[in-house]
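Generate the whole structure from the sequences, applying the supplied hints.
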Amino acid sequence: MEPNLILFYAFAALAVVTSLLVVAQSNPVYSVLLLIGSFMALAGLYVLLSAPFAAVIQIIVYAGAIMVLFLFVVMLLNAPKEDATQAAIGEARATRVIGGLLAGAFVAELLWALSRSRTMAMPGPMGARESAWSVGEIGQIIFTKYAFAFEATSVLILVAMVGAVALAGRHVAGKRPG
Amino acid sequence: MAELNHYLILSGVLFTIGTAGVLVRRNLITVLLSLEVMLNAVNLTFIAFGHFLGSADGQVIVFFVITVAAAEAAVGLALVISLFRHLETLNPDAFRQLRG
Amino acid sequence: MTPEGFAQLAILGFVFFMLLNSAAIMVYVERKVAARIQQRMGPTLVGPYGLLQPLADIIKLAMKEHLRPKAADPILFALAPVISAATAFTAFAVVPFGAETTFFGLLDQPVPLGVADVNVAILWVFAVTSMGVYGIVLAGWSSNSKYSLLGALRSSAQMISYELSYGMALAAVLVLAGSMSLREIVDSQAGSWLGFIPRWFVFLQPVGFFIFMTAGVAETNRAPFDFPEAEQELVAGYHTEYSSMSFAMFFLAEYINMVTVSAVATDLYLGGWHGPLLPEWLGWLWFLLKLSFLLFFYIWMRWTLPRFRYDQLMAFGWKFLLPLSVINLLVTAAGVLYFGA
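Chains as they are written, first to last, in this note's numbering: chain A, 318 to 495; chain B, 22 to 121; chain C, 168 to 508.
It is worth saying that the hints were derived from the structure and are not from the lab. Computed from a predicted structure; not experimentally measured. Ideal Cβ placement from N, Cα and C applies to all residues, glycine included. Careful, some of the hints might be misleading.
To be verified - Which residues of chain A face chain C? A few of them, derived with a C-beta cut under 10 Å, are:
1. G381
2. M384
3. I474
This is the structure we're talking about:
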């Protein structure tokens, strides 16, 4: 087995295991940390797919900033663990059962679709990429072909920032929020 | 050499795990985290296709997806904070005022 | 294994060993320099001129009792110092400290002096530094104590605020050099203008250098930005409940972060290992010299400037340093476009 394949399986196993634990953990702090582990595994996979820029951006933005935000919220709210006895609140048990059935149906559909795929996807006109893309090439594409999306995304982030502050700030009469 | 199908299977598995998390878990923060798992799976698909088709567009789209995920996480968490302030719980079943 | 591979492993081990030593040396130098600034002698008892003081400190730390508060989360409590120390070391992995060398002809092909040469090295440093925030946040949270949590939240908020200016300063250097690989950035600073002014980026971007060093000091939680660790206000901040070797790991992580920030600044702004008078293969001496100067500057600042209050610190980071770094980036980009350098 060549090293690339071994690395793929290692990172893939890590990603699947950590994602499963994210969903299964009851303590939200552990969930956040396990998700960070999942991001690291995926970053490794991106490097294998000749995308080191995407890998580093994933770590900087996703694992380094968004997850810090999650962690801050979990810590400031002192988020309680999901309590089994809280099922007394409503038809929580029925919700879980139906949710589980839906997820099971999704898995079944996925397995069916995968079992029917026989041929590999056709490589593009230039074939699979051999060397890692340089940041310059990506920059070229972002600022020419996707320039409008780039500008729109920056407005989106501004709107999200203002919205988050407006939603989460304290609106006590006479005092400024925060 | 790992083929495209390997990456697509992995991506499908991760997406399923994320969906299961969103549907089954009764804790708002964990639901948001499962949503991030789903977005990750999609990112992996984009980059895998970008690699095997020789196009850098995959990475560019992932760049935008990550940015949008950041904005969505910020607003989602702000909503969670507001909800928590109201009812002191993170269980989505507790918010029933709009039910018919 | 080829001789080159063996040499690279040897360099890796050497860098790791020297980083550990550098922490010990920094402990001694800090105490001596602090003492001289405060017009006293500093450690003189242990060994000649007090040179064995760090050894005594390490032995003392290792022999202390290892405590863990009962209410602390055991996994996170043990994990936090590991994350801090690991990210501190990892960030140094992409820093080159010398030109290529064949070790006096022992090797067939020259081997570059540095652990790894990644072509997104600047982003790597930035990514690993942002991972370092977790060590602090988890330390504060898992200790399950008020002082720890407050110190940790303040410290991590400070770190992520100053990361933005840090990144913008890095981006400005990227515009000047045209590459993200630290080795190529250093190589683009070789040579000199008019024969005696070296082509260092600090002369082209003095504001950028100021921003980078300031943000670096804030990132490493050193004075004058060390409010989260201030003894007078917060007991000891996020590492209040830690003792013995775990505390030593945080201590180590702080010093190694200082060394990394100084090393990256040397490579980005001060021309790395290029310097007059010495042959190319002795370039690492110049690197060491510049690195030592920056570290001395760090220590000098700590014992000279008073501490910023937390709200002053955050206001400085967001309202002054960030706009300044954006303007710096714009001016640099305009300059490169106009002068076509």
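If you test the structure against every hint from before, which numbers come out violated? Result: hint 3 breaks, nothing else.
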